[in-house]
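Student: Sequence:
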Amino acid sequence: MKEEINRVPHTQTATASAVDDAFPDGEAVGPYAFVKQGHLVIRHRPEGHYPVVVPCQGVRLIVNDRECTQPTPVSMKDTVRVETIEERREGKWSVFVSSDGLQAILRMRPTVVVHRELPDLAPAKILQLVVVEREECLPPLTWDELMQELSRLGITYGIDWEACSRGVTSCAEEEVVIARGVPAEPGKDGRVELLFPSDSKVPVLRGEDEAVDFRKRYVFTSVEAGEILAVKHPPEPGRPGTSVKGEVIMPPPPRDFILSVGEGAVLTRDGERAVAARAGRPVAFRWRNMVKVSVLPELVHTGDVDLASGNIVFKGDILITGNVTEGMAVEADGNVKVGGFVSGARVQATGSVLIKGNILSSKVIAGRVPDFLQQMLPQVHALAVGLQEMTMAIRQLLGHPAFKQGDLKGGIGPLVKLLLEGKFRHLPAAASTFKKQVETMPLGMVVEGLEEFIREAERVLVRSPLAVRDLREIETLARRAEEWEQAFAFSPSAESDVVALSVLNSTVIATGDVRVVGSGCYYSRIQAGKKVNVSGIFRGGEIQAGGDVHVGELGSRAGVVTRVVTGPKAVVTVGHAFENASVVVGGRVYRFNREEKGIRLWLDEEGNLRFKGIPA
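637 is the number that the working numbering gives the last residue of the sequence shown; the numbers go up by one with no jumps.
It is worth saying that the hints were derived from the structure and are not from the lab.
From a predicted model like this one, the values you see are computed outputs, not experimental measurements.
A few of these clues could be false.
Subject to a maximum C-alpha distance of 27 Å in a straight line, what follows is the list of computed DSS-like cross-link-like pairs (lysine-lysine) [claimed, not checked]:
no.	residue 1	residue 2
1	K313	K552
2	K384	K551
3	K551	K633
4	K633	K552
5	K444	K430
6	K98	K113
Computed Cβ-Cβ distance ranges for the label pairs, DEER-style [stated by the list, open to error]:
no.	residue 1	residue 2	range
7	R173	D86	33 to 41 Å
8	E473	M413	42 to 50 Å
9	G431	Q396	36 to 44 Å
Where a beta carbon is used, it is the ideal one built from N, C-alpha and C, also for glycine.
Can you build the whole structure from these sequences, using the hints too?
Tutor: Rendered as structure tokens:
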């Protein structure tokens with residue numbers, strides 16, 4: 022409702038003749054004017070001078086039927102009226118329903134009446150009038166008005182009549198909930214309950230000289246044939262609610278889970294239990310709303326892996342009590358534990374890899390991307406690299422002196438189309454192939470946001486490249502392609518770690534963490550989907566990590582090129598860094614031009630690289 026202000030005059034009048042006895046007889050006469058008991062009194066000698074009355078806001082001074090707004094001389098023969106003005110500011114009120122339909126709220130501001138009175142004023146030759154104000158608050162609506170509004174809005178359920186009564190009598194500016202619906206009760210999501218410990222990661226080594234029973238320290242959980250591995254609990258539906266308009270509010274559907282089995286396990290007929298078909302180590306593979314349970318056997322190889330034993334390839338866990346020697350290979354669908362060193366060899370596991378000794382001139386890989394993701398990686402990698410290169414090419418062209426910006430008033434679409442027909446002709450084919458691969462992904466495996474990314478890539482690269490208006494569209498698409506490449510390369514269902522004593526002239530790759538607990542790494546490459554922790558030295562080579570990185574000592578006094586590359590949300594800490602070492606966080610580069618200690622690097626909320634450290 023629109024606020025209104027009404028001014029109502031309230032008259033207080035006085036003439037000289039009506040109050041001649043205001044002063045005792047014989048007293049020297051004015052000129053004076055004063056206010057007593059709400060009356061204006063005027064006194065002066067017959068020959069003059071006259072007192073002056075000064076009006077104020079909220080008062081009308083009327084002399085001889087003429088309103089005066091300026092200081093005005095008045096005489097005892099004048100007819101003088103003083104009218105105080107009362108104001109009425111109409112209140113406002115409204116009723117609205119909350120966005121979820123569960124509350125009807127009365128919002129109101131009271132009507133305000135301002136009463137004004139003339140106080141007593143002492144005699145003065147120039148009398149400045151003043152008023153005393155008093156505010157009175159009144160309810161802005163009536164019961165009938167509120168009932169009509171509830172009927173108009175269709176509010177029929179859960180009305181709080183006591184709150185309504187309080188609302189129509191309230192003189193405060195406030196909001197009152199006058200009706201409440203019943204919220205829908207959400208159901209319970211389904212779940213898969215694992216009946217064995219799910220954490221099967223290899224523990225961290227404590228130190229180089231620690232004496233341990235290697236077999237007993239790293240024994241994994243095992244089950245017997247016929248043992249129940251997992252139980253599926255179906256979802257439970259929720260209860261509908263009711264809005265203040267009497268409408269039914271449906272609860273969101275609960276999430277269901279799929280229980281499936283791999284090798285060494287079977288499902289019961291009702292599909293709600295997974296049972297071990299053999300003795301071995303139980304493992305669970307999770308992806309979104311699917312849980313796959315398998316039972317893997319364990320192979321124990323006593324002694325070294327060498328020419329006498331041959332390579333070891335096993336669909337389960339492998340325990341090697343000795344070393345893995347020159348030219349040999351070990352592959353496992355579970356975890357690999359090596360009691361000695363790995364030299365000139367290759368060790369690969371779907372699970373984690375623990376190497377008690379050193380890694381020398383070898384390649385160690387922990388974790389395996391699912392086959393269907395592995396097939397998609399080349400396409401998403403081509404999109405990520407190609408879009409980044411296209412972004413650089415467009416930026417260079419736009420900055421070239423010979424390029425006319427006026428040619429692209431409608432956007433950079435013509436330039437994008439020209440590049441796609443030339444140097445980047447492979448990108449439309451990569452986008453189309455990637456779309457087909459996603460369409461054939463297993464049921465329930467499509468990650469949220471992936472289909473949106475595909476639609477945008479197809480729009481920019483295939484269907485409507487001419488419609489691209491701004492370079493930011495290409496930059497955003499390139500960044501998202503890079504994010505999807507990392508997501509596919511390091512599937513959250515296969516976070517496997519590598520733990521070793523030290524690394525020399527080797528490559529170490531893990532979808533989870535990499536931890537080097539001994540002297541350090543030299544002239545090596547480390548790639549981790551999660552964190553990297555090198556307690557000693559990292560000298561020569563590169564660390565690539567999806568998460569945080571900690572290095573005790575980075576680089577060398579000889580200036581050996583050493584690099585750490587992490588994502589935008591990572592934090593890099595270095596105990597001691599040398600000149601010519603560099604750190605890249607989310608594409609922002611920091612190069613050390615002198616020795617530094619106690620370094621911490623990260624990106625702030627604006628994407629700026631922040632640095633904390635002290636000179637060596």
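Student: For every hint, state whether the structure bears it out.
Tutor: Going through the hints against the structure:
Note on K313 and K552: the hinted pairing holds, with a Cα-Cα distance of about 26 Å set against a maximum of 27 Å. Distance restraint check for K384 and K551: the Cα-Cα separation of roughly 19 Å lies within the 27 Å cut-off, and the hinted pair is therefore satisfied. Taking the CA atoms of K551 and K633, the gap is about 23 Å. The hint holds against a cut of 27 Å. Simply put, K633 and K552 have alpha-carbon atoms about 20 Å apart, close enough for the 27 Å limit, and the pair holds.
Using a Cα cut-off of 27 Å, the hinted pair K444 and K430 holds, with the two alpha carbons roughly 24 Å apart. Annotation: proposed proximity of K98 to K113 is violated, straight-line Cα distance about 48 Å (limit 27 Å). At about 49 Å, the beta-carbon gap between R173 and D86 misses the expected band of 33 to 41 Å. Checked against the given bound of 42 to 50 Å, the beta carbons of E473 and M413, roughly 25 Å apart, lie outside it.
With their beta carbons about 39 Å apart, G431 and Q396 fall inside the hinted range of 36 to 44 Å.
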